[in-house]
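Protein sequences appear in the order of chains L and E.
Going by my numbering, the first residue of the first sequence is number 1, and it counts up by one from there.
Going by my numbering, the first residue of the second sequence is number 132, and it counts up by one from there.
A few of these clues could be false.
As the list claims (entries may be wrong) - Taking lysine-lysine and the BS3-like style, the derived pairs with C-alpha atoms no more than 25 Å apart in a straight line are:
1. Lys85(L) x Lys190(E)
2. Lys2(L) x Lys70(L)
3. Lys2(L) x Lys133(E)
4. Lys133(E) x Lys85(L)
In short, the hints are calculated from the structure, not lab data.
A quick note: this is a predicted structure, and the numbers were derived from the prediction, not measured.
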Amino acid sequence: MKYAVAIHGAPYSSQAAEHAVEFMEALFASGHTVERVFFFHEGAYHGLNGQVPPQTQHNTDLRPRWAALKNQGVELGICISSGIKRGVIDASEQQRYELPSLTLANDFQLVGLGQLIAAIEASDRYIEFPA
Amino acid sequence: MKRYLFIISRAPYGSNHAFEQLEAAMVAAAFDGEVHILLRDEAVWCLQVEQNGAAVAQKTLSKVLSALPSFEIEQLHACERSVTSRGVGVSPEISVGLLNLTQQTQLIGESDIVIGGQS
């Protein structure tokens, strides 16, 4: 089956992303696919490029796991509306708003809300991980 | 196309959640989806008459709700118990149906996609 996944929780203040990553890794292990991960609301913070995972906790660095999902063809889409107001900025938005720096992490991209609906329409199942 | 249900449970203005959920619902409608919205718990305050979002530099949510039909969203529901227990005075400009818990269960069961995003 093909899944669309949405993550609504911020890193390190919610377990939404950890649960979502483990769920997606299990999906691939079972032969399923993921059409797109959509980061909505506070979940947009996952796209920031300056995160330092807590040193005191084990196995909390999601960055290599996001990269692995990206390498498997999963699009990691940050809601542009949720993202830019939280400081998640790609090159295009940096230029548009004349901001001092680009803050979007490499494996992610800013996408419109329509991409959430398009992913749902293209998938057999939709699952969201709330804050 | 799929039948969508957006459930909003958080109060207006305390966060952007209600407005962002409504934005997503409008996009789903623009994709020709059949869109239903259910307000429950603190989100029923979105229905309150005589709101002024400008006082907190936000859009007035009751006006956004009253404009939903122009975005092809005709199905706005609210939890009857949430409305009555809080004494919410529903704005006469909003077309909303009040549902009991059994009807809400049925609405969820009849939906292809349920988008809530809150715990």
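Problem - Agreement of Lys2(L) and Lys70(L) with the hint, judged by alpha carbon distance not exceeding 25 Å - result: It holds: about 16 Å lies between the C-alpha atoms, which stays within 25 Å.
Exercise for the section: Quickly compare the C-alpha distance for Lys85(L) and Lys190(E) to 25 Å and report which way the hint goes. Expected result: This hinted pair holds, its Cα atoms lying about 16 Å apart.
Exercise for the section: Starting from Lys133(E), check that the Cα of Lys85(L) is at most 25 Å away, please. Expected result: 30 Å, violated
Handout entry: Hinted pair Lys2(L) and Lys133(E), Cα distance within 25 Å
Key = Roughly 15 Å between the alpha carbons, so the hint for Lys2(L) and Lys133(E) holds.
Hint compliance for this structure: hint 4 alone is broken.
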